[in-house]
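Chemist: Going down the list, the sequences are from chains X and D.
Quick note: to get this note's numbering, add 327 to the position in the first sequence (first position is 1).
Quick note: to get this note's numbering, add 327 to the position in the second sequence (first position is 1).
It is possible that some hints are incorrect.
[Unchecked claim] Taking lysine-lysine pairs in the DSS-like style, the calculated list, with each CA pair at most 25 Å apart, reads:
{"hint": "1", "chain 1": "D", "residue 1": "Lys482", "chain 2": "X", "residue 2": "Lys426"}
{"hint": "2", "chain 1": "X", "residue 1": "Lys425", "chain 2": "D", "residue 2": "Lys425"}
{"hint": "3", "chain 1": "D", "residue 1": "Lys482", "chain 2": "D", "residue 2": "Lys426"}
{"hint": "4", "chain 1": "X", "residue 1": "Lys426", "chain 2": "X", "residue 2": "Lys482"}
{"hint": "5", "chain 1": "X", "residue 1": "Lys426", "chain 2": "D", "residue 2": "Lys502"}
{"hint": "6", "chain 1": "D", "residue 1": "Lys482", "chain 2": "D", "residue 2": "Lys425"}
{"hint": "7", "chain 1": "X", "residue 1": "Lys502", "chain 2": "D", "residue 2": "Lys482"}
{"hint": "8", "chain 1": "X", "residue 1": "Lys445", "chain 2": "D", "residue 2": "Lys482"}
[As the list claims (entries may be wrong)] Residues from chain X shown here face chain D by an in silico Cβ test under 10 Å; the list is partial:
{"hint": "9", "residue": "Gly342"}
{"hint": "10", "residue": "Gly356"}
{"hint": "11", "residue": "Leu399"}
{"hint": "12", "residue": "Gln421"}
{"hint": "13", "residue": "Leu432"}
{"hint": "14", "residue": "Tyr451"}
{"hint": "15", "residue": "Lys502"}
{"hint": "16", "residue": "Asp506"}
[Claimed, not checked] Heads up, incomplete: computed chain D residues facing chain X, CB under 7 Å, no partners named:
{"hint": "17", "residue": "Thr358"}
{"hint": "18", "residue": "Ser407"}
{"hint": "19", "residue": "Ala507"}
Since the hints were made in silico from the structure, they are not lab data.
Glycine included, each C-beta is placed from N, C-alpha and C at the ideal position.
2 protein chains.
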Amino acid sequence: MQQPRENEVSVLRYGHRPGRDDRMTTHVGLTARALGADQIIFPDNATQPAETVTDIVSRFGGPFDVQRTDTLNAIIREWSGTVVHLTMYGERVQDVTKKIRERCLHDHPLLIVIGGEKVPSDVYEWADWNVAVTNQPHSEVAGLAVFLDRLFMGKELEQEWADAEHVVIPQACGKRVVDAE
Amino acid sequence: MQQPRENEVSVLRYGHRPGRDDRMTTHVGLTARALGADQIIFPDNATQPAETVTDIVSRFGGPFDVQRTDTLNAIIREWSGTVVHLTMYGERVQDVTKKIRERCLHDHPLLIVIGGEKVPSDVYEWADWNVAVTNQPHSEVAGLAVFLDRLFMGKELEQEWADAEHVVIPQACGKRVVDAE
């Protein structure tokens, strides 16, 4: 697998059940892309989500890398920078995001681990931070979205996309999509 | 259906296909609850998501109302306060959230419409605001999460829960769940 660049933010989806999890795993990947991450790392069996996210990149732009791997544990354990694991059992996002942001300035790249099915306790140990977006049960997609928006302090909403075929123009009412030049 | 209280924020899931959408619709409901909304309004056929969210309320606390209705269009059209429709085609969330927050002070309650399958153009017309959390395709759950976190300016993360059976205690590592007193 390609090594991450220094300032990169990668999202790793831990666990995937083909069929049952396809949509949720796809949404994790699309949310990572839309909200400023540079790369999604899927489990090797997440073929359909990887195809869908790759297709969105080709139509709506990048750069955004889509990877699949059968060595999720090794990637987390041997990550060269900071590892954040999002879990409802972790520390409160409002208490730790500033510290994470500061640490990533020195200890990048950042890997964000998103649980699907049951996450083994090792992952809690390997992570530098276990972070909860509320200590309530809700959605790994929602947790990832809020974490990224807070990590980047909204700057991710201003990013520009390269090599897009289509561009959506914000409208008060209705839909406007133009072909990129 | 119960009338919303004046200062309430309700989330309405527009459209649901039983089976195929169960998990995504459930995540919309759980995200609404966890991130500060007061009520979820599901389509009448969303029986399984309604059961799951109701179960979470009974175990992790409320108050949070779970409604099902076969009159989604009438609820949106005749809403007595402000209607926000989240869509990737809308105005940029970073440009309009402050205005929405101010308007809701005078023109509450707030209804947030979350599309599932194709949303008819009428909904764009009925809404006071069509709002995009990025103009990129990603996830209605992610969009709802970021919108609520920005609407409430993070205060939703501090809320306390009444009548919970279980309380998760934030931990740097591992899991700690205690029975509520």
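Chemist: Each hint needs a verdict: does it hold in this structure or not?
Modeler: Against the structure, the hints:
The hinted pair formed by Lys482 (chain D) and Lys426 (chain X) meets the criterion: a straight-line CA distance of about 20 Å does not exceed 25 Å. Using a Cα cut-off of 25 Å, the hinted pair Lys425 (chain X) and Lys425 (chain D) holds, with the two alpha carbons roughly 23 Å apart. Between Lys482 (chain D) and Lys426 (chain D), the direct Cα distance comes to roughly 18 Å. Compliance with the 25 Å bound is thereby established for this hinted pair. Straight-line distance between C-alpha atoms of Lys426 (chain X) and Lys482 (chain X) comes to about 18 Å, which keeps the hinted pair within the 25 Å bound.
With a C-alpha separation of about 21 Å, the suggested pair Lys426 (chain X) and Lys502 (chain D) falls inside the 25 Å cut-off, and the hint holds. Between Lys482 (chain D) and Lys425 (chain D) the CA atoms are separated by roughly 15 Å; this keeps the pair inside 25 Å, and the hint holds. For the proposed pair Lys502 (chain X) and Lys482 (chain D), the alpha carbon gap of about 32 Å is over 25 Å, so the pair is violated. Restraint check: the Cα-Cα separation between Lys445 (chain X) and Lys482 (chain D) comes to about 30 Å, which exceeds 25 Å; the hinted pair is violated.
For Gly342 (chain X), the interface hint is violated, the least distance from its beta-carbon to any beta-carbon of chain D being 15 Å, above 10 Å. Taking 10 Å as the C-beta contact cut-off toward chain D, the hint placing Gly356 (chain X) at the interface holds, the least distance being around 9 Å. The beta carbon of Leu399 (chain X) is not positioned within 10 Å of any beta carbon in chain D (closest approach about 19 Å), and the interface hint is therefore violated. Look at Gln421 (chain X): its Cβ gets to within about 5 Å of chain D, closer than 10 Å, so that hint holds up.
The closest approach between the C-beta of Leu432 (chain X) and any C-beta of chain D is roughly 21 Å, which is over the 10 Å cut-off, so the hint fails. For Tyr451 (chain X), the interface hint holds, since its Cβ comes within 10 Å of a Cβ in chain D; the closest pair sits about 5 Å apart. With 10 Å as the threshold, the beta carbon of Lys502 (chain X) comes within range of chain D, its nearest partner Cβ sitting at about 4 Å, so the hint holds. Hint status for Asp506 (chain X) relative to chain D: violated, with the closest Cβ pair at about 15 Å, above 10 Å.
With a least beta-carbon distance of about 4 Å to chain X, the hint placing Thr358 (chain D) at the interface is held under the 7 Å criterion. For Ser407 (chain D), the interface hint is violated, the least distance from its beta-carbon to any beta-carbon of chain X being 21 Å, above 7 Å. Against a cut-off of 7 Å between C-beta atoms, the interface hint on Ala507 (chain D) is violated, since the closest Cβ of chain X lies about 13 Å away.
In the structure shown, a violation is registered for the earlier hints numbered 7, 8, 9, 11, 13, 16, 18, 19, in ascending order.
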